Amino acid sequence: ELVHTLQQVPVSSLPGRLEVGRPESADERQAEVHSRQALAGGAAGQAPGSAPPRLQRKALAKVKESQKPGAGVCLVHLHGDEQNALAAASTLHKERCSNFVYLEPTGKPKRHVPVEATVGSTTFTCSSVDPNRIFANATVDDFAKGCSKAAPTAQQPAAETAFKKEIDDFRTELSQAISRGRGGAGTKDLAGSLPVVVFHNNTPGDENKITSANPFGGTSITKYERIAAAAKKDPKVSEKQGFKGDTSTLARAKSNPLTDPNNFVYVTDRSKDKALATDLNVVFQDPGLKGTAGDDGSLSIALESERYVNVEAAGKPLSAAQLATNLDMGNKVLDHLGVAKEPCKAPSPPSSGGLVSGVQAALRQIGEKMAAAAARVAQEKARVAAARATLPPALPRDAALPKAVEKKVKAGSCTTFADQKALDTAKADRATKVAAMPTADAVDWVIGVAKPPKWVSDEVSDQKSCLEAGLKAAAAVSGSGITLPKKLSQTPLRTFKDQEKIWNEKFTFTRGGKWGRITPQARRQCTALIRDDEVEWNSKSKKHEHCFKNLLTDDERQVEILQTSSAPGISRHHLGTDFDFDNTNPADWEAGKTGAKGFADEYGWLQRNASTYGFMQPFTVDSNFNRLGYIEERWHWSYYPIAQAVLEWSKKHVADIEADLKASDWKKNPARFTFIQAHFKEFMFNVNETPQF
712 ELVHTLQQVP
722 VSSLPGRLEV
732 GRPESADERQ
742 AEVHSRQALA
752 GGAAGQAPGS
762 APPRLQRKAL
772 AKVKESQKPG
782 AGVCLVHLHG
792 DEQNALAAAS
802 TLHKERCSNF
812 VYLEPTGKPK
822 RHVPVEATVG
832 STTFTCSSVD
842 PNRIFANATV
852 DDFAKGCSKA
862 APTAQQPAAE
872 TAFKKEIDDF
882 RTELSQAISR
892 GRGGAGTKDL
902 AGSLPVVVFH
912 NNTPGDENKI
922 TSANPFGGTS
932 ITKYERIAAA
942 AKKDPKVSEK
952 QGFKGDTSTL
962 ARAKSNPLTD
972 PNNFVYVTDR
982 SKDKALATDL
992 NVVFQDPGLK
1002 GTAGDDGSLS
1012 IALESERYVN
1022 VEAAGKPLSA
1032 AQLATNLDMG
1042 NKVLDHLGVA
1052 KEPCKAPSPP
1062 SSGGLVSGVQ
1072 AALRQIGEKM
1082 AAAAARVAQE
1092 KARVAAARAT
1102 LPPALPRDAA
1112 LPKAVEKKVK
1122 AGSCTTFADQ
1132 KALDTAKADR
1142 ATKVAAMPTA
1152 DAVDWVIGVA
1162 KPPKWVSDEV
1172 SDQKSCLEAG
1182 LKAAAAVSGS
1192 GITLPKKLSQ
1202 TPLRTFKDQE
1212 KIWNEKFTFT
1222 RGGKWGRITP
1232 QARRQCTALI
1242 RDDEVEWNSK
1252 SKKHEHCFKN
1262 LLTDDERQVE
1272 ILQTSSAPGI
1282 SRHHLGTDFD
1292 FDNTNPADWE
1302 AGKTGAKGFA
1312 DEYGWLQRNA
1322 STYGFMQPFT
1332 VDSNFNRLGY
1342 IEERWHWSYY
1352 PIAQAVLEWS
1362 KKHVADIEAD
1372 LKASDWKKNP
1382 ARFTFIQAHF
1392 KEFMFNVNET
1402 PQF
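With positions in the sequence shown counted from 1, the corresponding number in my numbering is that position plus 711.
Treat the hints loosely; a few may be bogus.
[Unchecked claim] Label pairs and their calculated CB-CB ranges:
hint, residue 1, residue 2, range
1, 836, 1247, 27 to 33 Å
2, 1049, 1337, 38 to 44 Å
3, 1243, 1166, 48 to 54 Å
4, 1070, 1139, 53 to 59 Å
5, 836, 1001, 29 to 35 Å
6, 1201, 1139, 28 to 34 Å
7, 899, 1194, 50 to 56 Å
To be clear, the hints were calculated from the coordinates, so they are not data collected in a lab. The structure displayed is predicted, hence computed values, not measured ones. By construction, the Cβ of each residue, glycine as well, lies at the ideal position given by its N, Cα and C atoms.
Work out the full structure, taking the sequences as your base and the hints as a guide.
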């Protein structure tokens, strides 16, 4: 990309902000030719004409796509402020065999998308471009003219030209995505074979009434005709929505869209979609508007000769009741279109019949499984490589014990270990003590319903004190580069009840603020409800709440929690042998993150020095490679002599542990523990067992 950039623009005029363009753009194709010439030893020529001083189209909203095999419809959402429509489309995309095209805003979701245009060295921003009104040349011209007012009068003609190009490029990108969503080749003309269902919201009381020939009250130049069947159910009733069922949560509530004139669909194919009027208020768009004075640039007119349905429901802010109506209307439309429900299957290749066909199918399944396994391994290798790239370099092992530690050792208040052999000798001694405990008592300790023995708490406390003394001494050395925070570590012990409270708050999405780590699987399930820049779950986000509580299964919710929290009964914090440093934000433990909040410098020291005091990192970048287990936690450290002795004891007594777990509070809310009950052994035992010296 750097080569491409240098071919397109003279170095002297390179802007401060460069972003990557789509590979099919003319600028990119032209740059490709020049880069190949340069790489072949030829002269690196400047592209003829004046290339634009940027690579990316400057509509500041991302066009996003999500596709499924065997899709029967293309779902579309364009207006960022219409949150019920977004949640409904995302939910239906998860549940139905559909493709989905939507816009992800860069800031607060709004109806209009901001667009940037550069004139000379000045960049102007326009925030009045409606993404559902750019599908006609005339409206693009109108938007460009209006946007040019952001520039001084003398620069407005140039600004208008620049804005026109940016808006047109954005239209092209969006149109190509919709074409792909329709099963087409990704062309600018929106071509494809699948019908399009677009989701919109209006504001109750804004006069978008289906009771008039034009439901937009004359505010739109588009003409509409009410289907006769709908007139028989003319909804001249109170605008209060009539819902049945529990609407206190985001659970599906039954709704009757006909009780509110703000809830309707409008269609382009009168003959095929008239039947929708049996259950919904239906409006028919007049034909022949494209390219005329009545063309307002909307997607419905651009697709007037195609199968198009717009689901228009009342209420823009996300709410349980209005979302229920959105979903009810959307499901009725998709049922009418014959869109299948999950699981979706790609169309089968032609069968050759008989035994040959069966063998081919079996071989294909084997190949698919092998390919999937290879892909998982490749993904895991990529994950590990990416994590390793963020590792702070390990500092050398301290040549001698700090005086503060020597004093503690001489007083008998802590022990140091020179190598793995010394650690294993200590582990064997502690294993004898663990084995001498009654099995029931040891199990209660392991699952957190009983406190650790006093000898465990005392020894771990002393060793932790020595570790922190060693770290503080290292930080005090001139030029060490280690800056200690005000608070170094957290309390190590958490009981079953402590961990259960955390687990239940997360499972019910009632834990305050941000927490956890959003998995790629959850992103796929919830599509547009989670932005690319959102890393953690946010309990204050209605979109996150709808995703977590309505679109994820019980097992999937547990997987999300397990990214950063143990389930009660299988946490190493129950043992009293483990503790966390005070900062548990992964980003603050990456290379280069130092200072008051950063722990890269502390981690550099811990990697080879923590073992001196008997501590190790149980959850490393490799500990869950291609298997279930907790993700890497650079802040979590474990006292090896006791923790490893307990781990080895637990492997021998796993049947006793499982029996107690099943009899614990897990049985009070079994749906909250289905996944972990099936996989608790992986999370208990798939850990790092080798300290680093």
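Notebook entry, point to check: Given a hinted range of 50 to 56 Å, is it respected by the beta-carbon distance of residue 899 and residue 1194?
Noted result: Once the Cβ atoms are compared, 55 Å apart, the range 50 to 56 Å for residue 1194 and residue 899 holds.
Margin query: Does the beta carbon distance between residue 836 and residue 1001 stay inside 29 to 35 Å, or does it fall outside?
Written below: 31 Å, holds
Checklist line | Range hint compliance [Cβ, residue 1049 to residue 1337, 38 to 44 Å] | finding: For residue 1337 against residue 1049, whose Cβ atoms are near 40 Å apart, the range 38 to 44 Å holds.
Next item on the list: Return holds or violated for the Cβ distance of residue 836 and residue 1247 against the range 27 to 33 Å.
Entry: 29 Å Cβ-Cβ, so the 27 to 33 Å window holds.
Note to self: Assuming the hint says 53 to 59 Å, is it satisfied by the Cβ distance from residue 1070 to residue 1139 or not?
What the structure shows: 56 Å, holds
Checklist line | Supplied distance hint 28 to 34 Å, evaluated on CB atoms of residue 1201 and residue 1139 | finding: Given range 28 to 34 Å: holds, Cβ gap about 30 Å.
Check: Falls inside 48 to 54 Å, the C-beta gap from residue 1243 to residue 1166?
Finding: Once the Cβ atoms are compared, 50 Å apart, the range 48 to 54 Å for residue 1166 and residue 1243 holds.
Of the numbered hints listed earlier, not one is contradicted by the structure.
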